[in-house]
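K.L.:
Chains as they are written, first to last, in the UniProt record's numbering: chain A, 1 to 247; chain B, 1 to 224; chain C, 1 to 219.
Check each hint, because a few of them may be wrong.
Unchecked claim - For each label pair, taking beta carbons as the anchor points, the in silico distance ranges come out as:
| no. | chain 1 | residue 1 | chain 2 | residue 2 | range |
| --- | --- | --- | --- | --- | --- |
| 1 | C | THR166 | B | ARG18 | 27 to 35 Å |
| 2 | B | THR173 | A | ASP42 | 51 to 59 Å |
| 3 | A | ALA31 | B | ASP78 | 40 to 48 Å |
The set of hints was computed from the structure by calculation and includes no laboratory data.
Even glycine gets a Cβ: it sits at the ideal position worked out from N, Cα and C.
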Amino acid sequence: MLKYANPTHFLALAARLIPWLAATTALLLIAGLYLTFFVAPDDYQQGSSVKIMYLHVPSAWLAMMCYVIMTSAALGTIVWRHPLADAAQKAAAPLGAAFTLLCLVTGSLWGKPMWGTWWVWDARLTSVLVLFLIYLGLIGLWRTIEEPAQAARAAAILTLVGVVNIPIIKFSVDWWNTLHQPASVFKLGGPAIAGSMLWPLLIMAVGFTFLFFTLHLMAIRNEILRRRLRRLSIDAAHAEEQAEATA
Amino acid sequence: MMQSSLSALFWRELRIARSVGGGGAMGLVFFLILVSLTPFAIGPDLNLLSRIGPAILWIAALLATLLGLDRLFQADADDGSLDLLLTASTPLELIVVVKCAAHWIATALPLILASPLLGLTLAMEPASLGGIALSLLAGTPALTMLGAIGAALTAGLRRGGLLMAVLILPLATPVLIFGVSGAAAASGGTVPFHIPMLILCGLSLAALAGAPFAAAAALRARDA
Amino acid sequence: MTQSVALTSLIARGVGVDRGGRAIVKNISFDLQAGGALVALGRNGAGKSTLLRAIAGFLPFSGGELIHEGEASEAPLPELCHYVGHADGLKSALTAVENLAFWSRMLSGTATGASVSPLEALQQVGLKRLADFPVAYLSAGQKRRVALARLFVAPRPLWILDEPATALDVASQQVLAEAFARHRAGGGMIIAATHAPLGLVDAAVLELSATAAGALGNA
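Hey, can you work out the whole structure from these sequences and the hints?
P.N.:
Here it is as structure tokens:
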């Protein structure tokens, strides 16, 4: 396991894993979308607009899971100062922002027919919006600090501070009386959702998770290569100077 | 020759705004945060929000534009580029206009495009969503040009950012007043939509005509 | 080189510069002809940089007069000069060649004469292979050489150089000295403030005394 913490070994591993992950993602998403549109029944209240759920719920899960992964990478940065943890952190932020945006947009599209409005300022929606803003702030921090190791430490601190938002999102529907419906899949006493809807949802969720891991792995690989390019460029600039000095 | 130098400046400014630390996208995020802070403060009453939505969006646009402008000349003053621009044969007034145009495209234009979307979260009506975007389109050039005067006055000062806002915000009040009334008039009301819009366009044109001279004079008077 | 006619003489008569009510430089006179060079010497704080910045037009003179003559004499002096100061005037996010291309287009104009492309200018200062690197990756000496390459990309008859040899190694100083000789042979002028020898032959020397800086009140 530790062997793969070496960036070179990691790159080799990633090159082998990425095709398989991508293929699995494609299969799961095709199956999930087929089930969503041709097998899963319409809701007796919501009609066919319930199908937005199969995109909305997985992206909401991913929005939070991505933050949790980013937090563990941030711990890796702070405790071990490992460059791979830095890259994992940096690669996760735009993905998290994208899934959060997807969650907000699909939620908004779903809310219009259900609640009669595109947006309400209830605890769940607001806390997810705050999550989105935290992701954007992190991306801004990454882009502003030029020295990668320094940027990684700063982003790690911000990530760890922002983690308080995750339980707030998760439990907002229980703590406050909100328009957003409470959890119906993971709850005490079993899921409150029919099996014909549960299976497509779970397959879509697993598909989204694989999509995330594929993209994350690719982004980490790109980040490692980008760092190498940067280091080689700086080395080349200095070598040039050395060569001239001796000439 | 002068056109070539101005277009070179324009593209350089856009490229820097896009690059690391250029802060082109940060203005948009700041705008988003300002807009979403208001419902936190006054509560989630959608009727109230939809009534004051144009005001929220305009105040947020005002702050996001002005606070993003403090680096307009500061970065050039820090790295010595400003001195060299003074030795160019291109008039400094035109250099100011071109820098402002590039800054407006990099920061104000995304904000205008995002404003109807944010208006949705404030439960604004469809007519006033278009109104807010149009009024921002007509009014933000005035904000950018006024901000350029403040940025020129505070270039080379340490911690000039807050001072600049203090100098310029009072001057920006007419733009705010007509901007909000324009956006509000779009969804009905006693004033026809075109009147505040024409005044906004007038303010922007006046700022475009006058501000470059003030900003250039401030840059020349900079004792460095 | 055809820039010889742009500026035939630059004459200062009793010029001075005040800052914050203090005469930093006072009563300076010099007479610079085409192909001439002037080296300002003096201790730290003697007002070398201030004098140079005033000649480049960034600071007003408190007295005296500065007259330039030549074919381009109707143009203001700042538009005829290259200024290389302590700050390099480079954007670290852009590449070396992008920076130079920008200044080439921005600073070309009034004076006509020989200029070289940004890439050739970088070759002259030995940085051709780093042309497409962001300036952020370059060392201090390399950045300084990119800044000096600006002198070659736009033809301007007067070079105003504030400590141009800072952070330069011996080889680069040699390149610089050769460029100075070429510029002067073509009728260009150079005014430099320096501690280090710059290889400027037959340069007039302007000794700035610290006593002038120490004097209080207006000149």
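K.L.:
With reference to the structure, classify each hint as holding or not holding.
P.N.:
Going down the list of hints, with the structure as the test:
1. C:THR166 x B:ARG18: 27 to 35 Å: 32 Å Cβ-Cβ, so the 27 to 35 Å window holds.
2. B:THR173 x A:ASP42: 51 to 59 Å: The hint (51 to 59 Å, Cβ to Cβ) holds, given that THR173 (chain B) and ASP42 (chain A) are roughly 54 Å apart.
3. A:ALA31 x B:ASP78: 40 to 48 Å: violated (56 Å)
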